[in-house]
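**Q** Listed below, chain by chain, are the residues.
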Amino acid sequence: QKEVEQNSGPLSVPEGAIASLNCTYSDRGSQSFFWYRQYSGKSPELIMSIYSNGDKEDGRFTAQLNKASQYVSLLIRDSQPSDSATYLCAVNDGGATNKLIFGTGTLLAVQP
Amino acid sequence: NAGVTQTPKFQVLKTGQSMTLQCAQDMNHNSMYWYRQDPGMGLRLIYYSASEGTTDKGEVPNGYNVSRLNKREFSLRLESAAPSQTSVYFCASETGVTDTQYFGPGTRLTVL
Chain A
5 QKEVEQNSGP LSVPEGAIAS LNCTYSDRGS QSFFWYRQYS GKSPELIMSI YSNGDKEDGR
65 FTAQLNKASQ YVSLLIRDSQ PSDSATYLCA VNDGGATNKL IFGTGTLLAV QP
Chain B
14 NAGVTQTPKF QVLKTGQSMT LQCAQDMNHN SMYWYRQDPG MGLRLIYYSA SEGTTDKGEV
74 PNGYNVSRLN KREFSLRLES AAPSQTSVYF CASETGVTDT QYFGPGTRLT VL
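In the order they appear, the protein sequences are chains A and B.
Just so you know, the first sequence maps onto residues 5 to 116 in my numbering.
Just so you know, the second sequence maps onto residues 14 to 125 in my numbering.
Among the hints, a few may not be true.
[Claimed, not checked] List time: in silico DSS-like cross-link candidates among lysine-lysine, alpha-carbon distance up to 27 angstroms: (1) B:Lys22 with B:Lys70; (2) A:Lys46 with B:Lys22; (3) A:Lys6 with A:Lys71; (4) A:Lys60 with A:Lys6; (5) B:Lys27 with A:Lys46; (6) A:Lys60 with A:Lys71; (7) B:Lys84 with A:Lys46; (8) A:Lys60 with A:Lys46; (9) A:Lys46 with B:Lys70; (10) B:Lys70 with A:Lys6; (11) B:Lys84 with B:Lys27; (12) B:Lys27 with B:Lys70; (13) B:Lys84 with B:Lys70.
Since the hints were made in silico from the structure, they are not lab data.
Note that the coordinates shown come from a computational prediction; the quantities given were computed from them, not determined experimentally.
Using the sequences and the hints, build the whole thing.
**A** Written out as structure tokens, the structure is:
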């Protein structure tokens with residue numbers, strides 16, 4: 005059973021701080037990694053994708069990938085109350101299809 | 014460019030009734046997916062279609078059928094609804110190359 009694990013939270017950070025969200029995955033064959041943001045009652049929205057080891061930055065967001073440790077993380081700098089949402093980690097299944105396996109998500113709460 | 018659209022947004026059914034959830038995308042994507050999302054369970058894949066004319070079972074296909082009507086449309090049918098199918102249903106599409114999936118707004122289904 006291929007799995008993606010996330011701490012469900014809630015992760016509470018003060019406004020302006022760095023929020024660090026973590027994810028581990030079980031399939032060593034996975035090559036594509038994604039972070040989605042989901043506001044309550046809304047659909048998942050893609051924030052970042054990362055395909056190779058290291059860091060990838062996009063504005064206040066940085067995704068980090070370590071395939072040897074099977075670990076992917078998302079850093080949010082200068083956190084804002086509008087960042088309060090559930091963050092879903094998704095990993096491709098490593099097989100012949102493009103299916104994604106989703107974690108259950110981490111709830112982030114940014115306190116004003 | 015509407016992206017991925019889903020109808021209806023909300024639906025209440027009685028046990029044993031049938032219904033079809035509609036999904037359409039205007040991004041010329043090859044692959045389409047149906048997920049259900051339940052509290053604490055994350056997104057679980059019901060069925061997917063890697064390309065027009067093909068469909069395959071996902072993690073939780075029992076009680077559902079799908080039709081890939083053409084490249085744009087992918088419908089999900091509940092033949093005899095059960096309370097266990099109360100959930101939020103999301104449709105997603107993906108180019109078939111990058112694994113990046115884009116989600117529709119969701120259908121909130123309650124089966125009494």
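**Q** Now, for every hint given, state plainly whether the structure supports it.
**A** Here's how the hints hold up against the structure:
Distance restraint check for Lys22 (chain B) and Lys70 (chain B): the Cα-Cα separation of roughly 24 angstroms lies within the 27 angstroms cut-off, and the hinted pair is therefore satisfied. Taken as a hint, the Lys46 (chain A) and Lys22 (chain B) pair is honoured in the structure, with Cα atoms around 11 angstroms apart against an allowance of 27 angstroms. Taking the CA atoms of Lys6 (chain A) and Lys71 (chain A), the gap is about 15 angstroms. The hint holds against a cut of 27 angstroms. Among the hinted pairs, Lys60 (chain A) with Lys6 (chain A) is consistent with the structure: their alpha-carbon atoms are about 25 angstroms apart, no more than 27 angstroms.
Between the alpha carbons of Lys27 (chain B) and Lys46 (chain A) the distance comes to roughly 25 angstroms, so the proposed pair stays at or under 27 angstroms and holds. The suggested pairing of Lys60 (chain A) with Lys71 (chain A) holds, with an alpha-carbon distance near 14 angstroms, which does not exceed 27 angstroms. Annotation: proposed proximity of Lys84 (chain B) to Lys46 (chain A) holds, straight-line Cα distance about 25 angstroms (limit 27 angstroms). With a CA separation close to 26 angstroms, the supplied pair Lys60 (chain A) and Lys46 (chain A) stays within the 27 angstroms bound.
Only pairs whose Cα atoms come within 27 angstroms are accepted, and Lys46 (chain A) paired with Lys70 (chain B) is accepted, the gap being roughly 25 angstroms. Distance hint between Lys70 (chain B) and Lys6 (chain A) is fulfilled; the C-alpha atoms sit about 16 angstroms from each other, no more than 27 angstroms. With a C-alpha separation of about 32 angstroms, the suggested pairing of Lys84 (chain B) with Lys27 (chain B) is violated against the 27 angstroms cut-off. Between Lys27 (chain B) and Lys70 (chain B) the alpha-carbon distance is near 25 angstroms, which keeps this suggested pair within the 27 angstroms criterion.
Between Lys84 (chain B) and Lys70 (chain B) the CA atoms are separated by roughly 18 angstroms; this keeps the pair inside 27 angstroms, and the hint holds.
Checked against the numbered hints given earlier, the structure breaks only hint 11 and satisfies all the rest.
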